[in-house]
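Colleague: Next come the chains, spelled out residue by residue.
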Amino acid sequence: MDIKNKIKELEQLNQKMFGKDFLLTWEKSVDEIKSTLLVAEILNKMHKNNIVTKIFESGLGVSIFRDNSTRTRFSFASACNALGLDVQDLDENKSQIAHGETVRETANMISFMADVIGIRDDLYIGEGDKYQRQVADAVQFGFENKILHQRPTVINLQSDIDHPTQSMSDLAKIKDRFGNLENIKGKKIVMSWAYSPSYGKPLSVAQGMIGLLTRFGADVVLAHPKGYDLLPEVIELSKNNAKNSGGNFRISNDMNDAFKNADVVCPKSWASFKVMEKRRDLLHANDQNGLQKLEQDCLLENAQFIDWECNSKKMALTNNALYMHPLPADISGLSCKYGEVSNNVFEKNIWDTYNQASWKPMIITAMILLSKIKNPSKILRELLDNEKYRLSS
Amino acid sequence: MDIKNKIKELEQLNQKMFGKDFLLTWEKSVDEIKSTLLVAEILNKMHKNNIVTKIFESGLGVSIFRDNSTRTRFSFASACNALGLDVQDLDENKSQIAHGETVRETANMISFMADVIGIRDDLYIGEGDKYQRQVADAVQFGFENKILHQRPTVINLQSDIDHPTQSMSDLAKIKDRFGNLENIKGKKIVMSWAYSPSYGKPLSVAQGMIGLLTRFGADVVLAHPKGYDLLPEVIELSKNNAKNSGGNFRISNDMNDAFKNADVVCPKSWASFKVMEKRRDLLHANDQNGLQKLEQDCLLENAQFIDWECNSKKMALTNNALYMHPLPADISGLSCKYGEVSNNVFEKNIWDTYNQASWKPMIITAMILLSKIKNPSKILRELLDNEKYRLSS
Amino acid sequence: MDIKNKIKELEQLNQKMFGKDFLLTWEKSVDEIKSTLLVAEILNKMHKNNIVTKIFESGLGVSIFRDNSTRTRFSFASACNALGLDVQDLDENKSQIAHGETVRETANMISFMADVIGIRDDLYIGEGDKYQRQVADAVQFGFENKILHQRPTVINLQSDIDHPTQSMSDLAKIKDRFGNLENIKGKKIVMSWAYSPSYGKPLSVAQGMIGLLTRFGADVVLAHPKGYDLLPEVIELSKNNAKNSGGNFRISNDMNDAFKNADVVCPKSWASFKVMEKRRDLLHANDQNGLQKLEQDCLLENAQFIDWECNSKKMALTNNALYMHPLPADISGLSCKYGEVSNNVFEKNIWDTYNQASWKPMIITAMILLSKIKNPSKILRELLDNEKYRLSS
Chain A
1 MDIKNKIKEL
11 EQLNQKMFGK
21 DFLLTWEKSV
31 DEIKSTLLVA
41 EILNKMHKNN
51 IVTKIFESGL
61 GVSIFRDNST
71 RTRFSFASAC
81 NALGLDVQDL
91 DENKSQIAHG
101 ETVRETANMI
111 SFMADVIGIR
121 DDLYIGEGDK
131 YQRQVADAVQ
141 FGFENKILHQ
151 RPTVINLQSD
161 IDHPTQSMSD
171 LAKIKDRFGN
181 LENIKGKKIV
191 MSWAYSPSYG
201 KPLSVAQGMI
211 GLLTRFGADV
221 VLAHPKGYDL
231 LPEVIELSKN
241 NAKNSGGNFR
251 ISNDMNDAFK
261 NADVVCPKSW
271 ASFKVMEKRR
281 DLLHANDQNG
291 LQKLEQDCLL
301 ENAQFIDWEC
311 NSKKMALTNN
321 ALYMHPLPAD
331 ISGLSCKYGE
341 VSNNVFEKNI
351 WDTYNQASWK
361 PMIITAMILL
371 SKIKNPSKIL
381 RELLDNEKYR
391 LSS
Chain B
1 MDIKNKIKEL
11 EQLNQKMFGK
21 DFLLTWEKSV
31 DEIKSTLLVA
41 EILNKMHKNN
51 IVTKIFESGL
61 GVSIFRDNST
71 RTRFSFASAC
81 NALGLDVQDL
91 DENKSQIAHG
101 ETVRETANMI
111 SFMADVIGIR
121 DDLYIGEGDK
131 YQRQVADAVQ
141 FGFENKILHQ
151 RPTVINLQSD
161 IDHPTQSMSD
171 LAKIKDRFGN
181 LENIKGKKIV
191 MSWAYSPSYG
201 KPLSVAQGMI
211 GLLTRFGADV
221 VLAHPKGYDL
231 LPEVIELSKN
241 NAKNSGGNFR
251 ISNDMNDAFK
261 NADVVCPKSW
271 ASFKVMEKRR
281 DLLHANDQNG
291 LQKLEQDCLL
301 ENAQFIDWEC
311 NSKKMALTNN
321 ALYMHPLPAD
331 ISGLSCKYGE
341 VSNNVFEKNI
351 WDTYNQASWK
361 PMIITAMILL
371 SKIKNPSKIL
381 RELLDNEKYR
391 LSS
Chain C
1 MDIKNKIKEL
11 EQLNQKMFGK
21 DFLLTWEKSV
31 DEIKSTLLVA
41 EILNKMHKNN
51 IVTKIFESGL
61 GVSIFRDNST
71 RTRFSFASAC
81 NALGLDVQDL
91 DENKSQIAHG
101 ETVRETANMI
111 SFMADVIGIR
121 DDLYIGEGDK
131 YQRQVADAVQ
141 FGFENKILHQ
151 RPTVINLQSD
161 IDHPTQSMSD
171 LAKIKDRFGN
181 LENIKGKKIV
191 MSWAYSPSYG
201 KPLSVAQGMI
211 GLLTRFGADV
221 VLAHPKGYDL
231 LPEVIELSKN
241 NAKNSGGNFR
251 ISNDMNDAFK
261 NADVVCPKSW
271 ASFKVMEKRR
281 DLLHANDQNG
291 LQKLEQDCLL
301 ENAQFIDWEC
311 NSKKMALTNN
321 ALYMHPLPAD
331 ISGLSCKYGE
341 VSNNVFEKNI
351 WDTYNQASWK
361 PMIITAMILL
371 SKIKNPSKIL
381 RELLDNEKYR
391 LSS
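Protein chains in written order, with this note's numbering: chain A, 1 to 393; chain B, 1 to 393; chain C, 1 to 393.
One chain only, chain A, in its complex shape:
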């Protein structure tokens, strides 16, 4: 049976994810990335076959959303539920945190019975990843000092640097499309900026994509108009990844050039990190006029690149490429006048984008499971052999 084969494959991999956080994909080895994909695939098949995937009898998954979220919120809740955890959201508006307490304190106070903490913090460039590490250090301190009985795993639900639950879902989708990870070698994968009538979208989706896909020998092209640069350290890292994996990484300022013969395209808007830096400072200063001015300037700048739209013409340049988007997309003529993608292209590829999104709950479930279970193949085999069903029939 397929699930059993995947469990065997998992056993062959060398991973040390037990007790570890998941903050950046490039902090994980290739075997650990592969393990996460395999466990997600196994869980996906188990869920489809109505097999119970609970490894907890009780416990809490804590979510901290410092930015709005629908799909990641539901994905995290789904993952916790699938494993047997209840979700408790830390709503900073209803808490006493404004009071001036330290991250170390808050993190410990919410963790006495917490097994996982999922954090989205992508609004402030230079800060989101730092905050997640502060929380991780705080619960490590609490655990080492026997304040906490268990050390909750910190999962990055999007930071200023990476969005690993998204990029890992994207990788799962690409793996599924090409049959296996080896087949990604040499494929042309394009992460492209696209026009949007909004501003200030996080960079971390694009950064996550290039930081991860360059590790599998692909021919990765990052395309954006001049000025829409990503964090230099992620660019550096992607170059090195490509070198080490026998792949390729380059930046293009021409969307058509990038799309030519592409096997995968992911056209999505973002702000440049220089804009995000200004925005962060204005937000901290609560400078509403400054923010309005910045928004206007950025929208004007964006408006020069209204032709960076993924449409039939551009798709025709590709090698019948897989169209990807983390959703929701700005769809020309549907959710806005001009957007990231034409209604036509979006509609044609809707199954793929929804299917891509369906991986996120499974990826998060896999991340938690691997950080909690020393011997995952043993536990997965037990779940399979239990013959316990999720819904009675």
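Derived by calculation from the structure, the hints in this document are not laboratory data.
It is possible that part of the hints are untrue.
Pairs count within a copy or across copies, as identical chains cannot be separated in the list.
[Unchecked claim] Within a straight-line C-alpha distance of at most 27 Å, the following computed DSSO-like cross-link-like pairs (lysine-lysine) qualify:
| hint | residue 1 | residue 2 |
| --- | --- | --- |
| 1 | Lys201 | Lys188 |
| 2 | Lys54 | Lys374 |
| 3 | Lys48 | Lys374 |
| 4 | Lys6 | Lys226 |
| 5 | Lys378 | Lys54 |
| 6 | Lys173 | Lys6 |
| 7 | Lys388 | Lys374 |
| 8 | Lys20 | Lys45 |
| 9 | Lys378 | Lys388 |
| 10 | Lys146 | Lys4 |
| 11 | Lys188 | Lys16 |
| 12 | Lys374 | Lys45 |
| 13 | Lys54 | Lys388 |
| 14 | Lys48 | Lys378 |
| 15 | Lys293 | Lys274 |
| 16 | Lys146 | Lys348 |
| 17 | Lys146 | Lys48 |
| 18 | Lys337 | Lys348 |
| 19 | Lys201 | Lys8 |
| 20 | Lys20 | Lys388 |
| 21 | Lys146 | Lys20 |
| 22 | Lys173 | Lys146 |
| 23 | Lys175 | Lys146 |
With chain A's structure known, arrange chains B and C on it following the hints.
Modeller: The following block gives chains B and C in isolation, referenced to the frame of chain A:
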């Protein structure tokens, strides 16, 4: 034992609710209505006897409240909990939905591990039911296209047309009062408008009541001052129901006339659908002045009918009628100066109104169970025979 | 084994907590206080040893927070989760309660499947405890009249009078520090006011502390500047407690005097109840100018006592005292310029304050368990013997 008899009775009924949504009671056959009542009664007795009613080992119940709610919110949460589902609320303020994404997309994104979606959408006349059907179509699309492993059931927690979890609870209460459904034949059941110092209350409670009760041979009277009309199609439908069931349906503009010899009275305020239409348009246009003007006009209009209060004098006209209200009521001298019901009458009938409300969690549990379980009598018998207790002792 | 000994100890105690609320510690006998501590200690060890502590297969824990909360919110959620209950928060902003319905009605409407209701209501002096009793009376009414199948236990998560989940956690910490409750006899325990740059903090932490610790033969000193009086009835009660337990209780207006040779110090800010009375009236009248004026007056008054800071100098006066704080503290130089405690003292004692806080989820779990289980030692022994683990391995 009583539970076993009810399970046997359930087995006799011809119902095809498996995999179906529950949006309008008149989309269900009489046997399906009866099945829902029976399962609610069985679950009620099981809960009372500390018997576990879980049919899910994991899974999510998603709630979408586009209007405030206490009792329906808690009833839905209770129902999900009783069956083994965790509740995840889609708070549209904390999500990215404003972003302009389609209902099709949102519905699928929240449903990867959802087994049921409960929706309240009663503010905008002509829209609530439509939205619920859009969600239902969307998850049907997702399920058929293998985006979703399971097809979540959509439950109407109040729309602009019907409020089936309320009307079914009312029917359960009436059945309990008269011993069985057959005894409802010929009983005079009055759904009456009542004065309230507020405006814009949904019509769906009244519509749900007349649309359901007319199917059981009752002598249903809808009473309201001129101008407080309900949706014409529901009036039409109620007339036909009455004809088919051997009952009666008429509209009266005189509360006293309606109350005369009534066996059941449900006096409750609502706006006319013409007002609701104006209100909807003003809300969409965000016309605050227009809304204030409309409210003043309506309150002035309401004020002409301040004598439409259910008080001792009116109750004395009845045949010792059962007083019903979906709660909370506007109680004269308690929650307002003049209201739907006198403090005296409300206080006298408090047990019945609370008992009426106690059916709602059971009705929702039954609706979910019947949509999820092909052979409900088998599962209910197993739950009964398991001898597993909800609270250890 | 340690857990088994504690269960045996529990068996010796005479407690009648089954079916009872937990509103004020002084409504509980000394044996009941001891039972709560023992059960909390047993649950703590079970949780540490990965042993399942569920006594419910399904059911709801309802929380009502009429004031912001992080740690109590998470403690309540953790306690419910540890016992097998799902949490449903009654968010009064999203409900129809403003509508004018009675406490009796709301309490019953949310309780059809509720096993426990936790309430924080500490903003309005003279009202919080009353509200909790109204809720308790309401569900008692519902249960006696067979509207509710089960009678949810009401747990005080902080009222205007007492904060029992805090004071019981404090007692657990003190017991742990001194080895057993007997050793508290004769120890000098100081509940001291401390300076804070905010105003209007509840009195109930201080009241809870002196009302509870005076029952164990300690030498309890309440210290505060003139004018920062607590509720007279709690002072009276503390005096009587001290007399009955062979301990001592006195009020000092000198922080240094209080700290001299102290074994435990708990320096924490509060407002006087006279200020809280004015504030309550202004809040009810929604008198924003009056509130601002009151705040300014109070902060000016506070500012006279800026030297009421717990710092190294003051700690040096003590008998190497245990420093306690319910958290979050106002830390000089960290969360504010001048506060309740110097950064130095707070940092040195961080382990103890975090450890103190870790008792709260366990104390709440114990409170619920004792109100739900007639024979707790039997159930705890069964949980221990089940060899069921919280997290698979």
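Colleague: Please go over all the hints and tell whether each is borne out by the structure.
Modeller: Going down the list of hints, with the structure as the test:
Only within a single protomer do Lys201 and Lys188 lie at most 27 Å apart by alpha-carbon distance; the minimum there is 25 Å, versus 58 Å between protomers. Proximity of Lys54 to Lys374 under the C-alpha cut-off of 27 Å is found in both arrangements, the shortest distances being 16 Å within a copy and 25 Å between copies. In the homo-oligomer, the alpha carbons of Lys48 and Lys374 lie at most 27 Å apart both inside one protomer (25 Å) and across protomers (18 Å), since each shortest distance falls under that limit. When the C-alpha separation of Lys6 and Lys226 is checked against a cutoff of 27 Å, the pair qualifies neither within a copy, at 44 Å, nor between copies, at 70 Å.
Proximity of Lys378 to Lys54 under the C-alpha cut-off of 27 Å is found in both arrangements, the shortest distances being 14 Å within a copy and 25 Å between copies. In this homomeric assembly, Lys173 and Lys6 come within 27 Å of each other (Cα to Cα) only inside a single copy, at 17 Å, whereas the closest approach across copies is 49 Å. With identical chains, the CA atoms of Lys388 and Lys374 are at most 27 Å apart both within one copy (22 Å) and between copies (18 Å). Both within a single protomer and between protomers do Lys20 and Lys45 lie at most 27 Å apart by alpha-carbon distance, with minima of 25 Å and 25 Å respectively.
Within a single copy, Lys378 and Lys388 get their C-alpha atoms as close as 16 Å, and across copies as close as 18 Å, so both meet the 27 Å cut-off. For a Cα distance limit of 27 Å, the shortest separation of Lys146 from Lys4 across copies, 22 Å, qualifies, whereas the shortest one inside one copy, 39 Å, does not. Proximity of Lys188 to Lys16 under the C-alpha cut-off of 27 Å is found in neither arrangement, the shortest distances being 31 Å within a copy and 51 Å between copies. With identical chains, the CA atoms of Lys374 and Lys45 are at most 27 Å apart both within one copy (21 Å) and between copies (23 Å).
Taking CA atoms no more than 27 Å apart as the test, Lys54 paired with Lys388 passes in both settings, with 10 Å inside one copy and 14 Å between copies. In this assembly of identical chains, Lys48 and Lys378 lie within 27 Å of each other by CA distance both inside one copy and across copies; the values are 20 Å within and 23 Å between. For a Cα distance limit of 27 Å, the shortest separation of Lys293 from Lys274 inside one copy, 15 Å, qualifies, whereas the shortest one across copies, 44 Å, does not. In this homomeric assembly, Lys146 and Lys348 come within 27 Å of each other (Cα to Cα) only across copies, at 16 Å, whereas the closest approach inside a single copy is 55 Å.
Proximity of Lys146 to Lys48 under the C-alpha cut-off of 27 Å is restricted to the inter-copy arrangement: shortest distance 10 Å between copies versus 40 Å within a copy. Proximity of Lys337 to Lys348 under the C-alpha cut-off of 27 Å is restricted to the intra-copy arrangement: shortest distance 19 Å within a copy versus 60 Å between copies. Taking the shortest alpha-carbon separations for Lys201 and Lys8, neither the intra-copy value of 41 Å nor the inter-copy value of 59 Å comes in at or below 27 Å. Taking CA atoms no more than 27 Å apart as the test, Lys20 paired with Lys388 passes between copies only; the shortest distance there is 25 Å, against 29 Å inside one copy.
For the identical chains of this complex, Lys146 and Lys20 are intra-copy neighbours only, at 18 Å inside a copy versus 33 Å across copies, given an alpha-carbon limit of 27 Å. Taking the shortest Cα distances, Lys173 and Lys146 sit within 27 Å of each other only across copies (14 Å), while inside one copy they are farther apart (41 Å). Within a single copy, Lys175 and Lys146 get their C-alpha atoms only as close as 42 Å, which misses the 27 Å cut-off; across copies the closest is 18 Å, which meets it.
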